[in-house]
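Asker: This is what each chain is made of:
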Amino acid sequence: MSQASSSEALITMSGVDKWYGDFHALKGVDLEVRRGEKIVLCGPSGSGKSTLIRCINHLETIQKGRIVVDGIALDDSARVVDAVRREVGMVFQSFNLFPHMTVLENCTLAPMRVRKVSPADAKATARKYLEKVRIGEQANKYPAQLSGGQQQRVAIARALCMEPKAMLFDEPTSALDPEMVKEVLDTMIGLAREGMTMVCVTHEMGFARQVADRVVFMADGEILEAAEPETFFKNPQNPRARTFLGEILAHH
Amino acid sequence: MGLPEYLFLLQGLKWTVLLSCIGFVGGGIAGLMVALARTSGLPVLERATSGYIGLFQGTPLLMQLFVVYYGLSLVGLQFEAWQAVAIGFTLNASAFLGDIWRGSIEAVPRGQTEAARALSLGYVSRMRDVVLPQALRISLPATIGFLVQLIKGTSLASIVGFTELARADNIVSNQIFKPLLVFGVVGAMYFALCWPLSLFGSWLERRLAAPTR
Ligand SMILES: Nc1ncnc2c1ncn2[C@@H]1O[C@H](COP(=O)(O)OP(=O)(O)OP(=O)(O)O)[C@@H](O)[C@H]1O
Ligand SMILES: [Mg+2]
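Protein sequence lines correspond, in order, to chains L and C. Quick note on numbering: the first sequence equals residues 59 to 310 in my numbering. Quick note on numbering: the second sequence equals residues -2 to 210 in my numbering.
Some chain C residues near chain L, calculated using beta-carbon distances under 8 Å: (1) ALA112; (2) ARG114; (3) ALA115; (4) LEU116; (5) ASP126; (6) VAL127.
Computed footprint of chain C on chain L; a stretch qualifies when at least three of its residues, placed anywhere within it, have a C-beta under 8 Å from a C-beta of chain C: (7) 137 to 150; (8) 162 to 171.
Rather than coming from a laboratory, the hints here were simulated on the basis of the structure. We treat Cβ as the ideally placed atom computed from N, Cα and C, and that holds for glycine.
Kindly generate the complete structure, drawing on both the sequences and the hints.
Answerer: As structure tokens, then:
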């Protein structure tokens, strides 16, 4: 169900190298994400998946290469970094909601502070997205009063309130109890159907099959394979991808 | 013990309260800056404030008051007793509060700052809206504890000839020769200052904790 209407790149990474001290975490990564494209990033633990997506919104700095987001070439200046982060939402494995704020306040903070939206407009937008992730009735609760699945949906709504052009997901369902995984995946599938550009680190292969335009496989800081889900799951070319898929499928 | 003695003690109490307030307000403002500098991620600022905290935590308050009152007058900076004491207390409190708050800021989970960054929030908003409210709650027991210490520590101001509660106690005792009675009254006054503060601290702690339950 590829909806990538235009082939224009929204995110481009070229020749990206990243070191943590002596440790070479990303090795010459090239990745292009077109507008509206959904990418699922997978690979063994420690292969650099989190590092890769965290470089896109500059939560990590890179030592070599170039990252361009929506026409903005990332550098270390606060102005450029903020401009990129305004257009890129992120959802974390551990939700990271602000515990001292209500659900609604979590969702209105950034639009008010960053986009200078009026409180009334910010609330209206927040309610719209909270409805969309089907959690509108909980707007005045605190995060700790919600289940994990509800918290993660709030985190998705909070990111959407900034009206981003792309969304990054770092294992959004792996901290959840099994019975809550589906509600979060369904929310993400809904988002994908509306044409959001998405880069998702996840091991939910059913999700990958259903929404991904491309599955990207990483190991040891390198992208070893990138293919459409059908091709990738039926006939992975790289031996490490084959081993990895075998392990994943054995677990599920 | 007659009315004049009580009034004299109350006069001393007034200065104790005033000194504590100056120490806490001055120390609070300066301490916040110390804590922010200490967690700024800028090596120069972090090392400088680390040295500052070490210096004031590592030497007695008494000595710090001496240095401000007598020491600085040697280099031509002459302060009145109350000014010297106010400066000394502010410096000392800023180091202790700075360190308490540094610890609390660092105790706020990393993911909170990361989420704030990912939402494009700038430093000021990250601190004011996300990190400091959570750090405040974490720091509350230690902060109130320090404030109580600070009130009791004001008795050291008598050393530079400042008549606060402890010194007033001394003077009255020597005049009416009933040290135990005077001690009792003064002790009750200190207690009346510190106890409500501790209660307020526990109340505030409960209130701030409520939403996350
Ligand atoms: N802050 C850091 N300092 C040093 N090394 C790090 C840091 N963050 C990650 N690494 C290392 O970089 C490598 C890649 O980490 P990353 O978190 O990107 O892996 P991942 O593919 O997301 O793994 P997982 O599936 O376990 O989340 C790992 O070997 C990790 O130990
Ligand atoms: Mg990871």
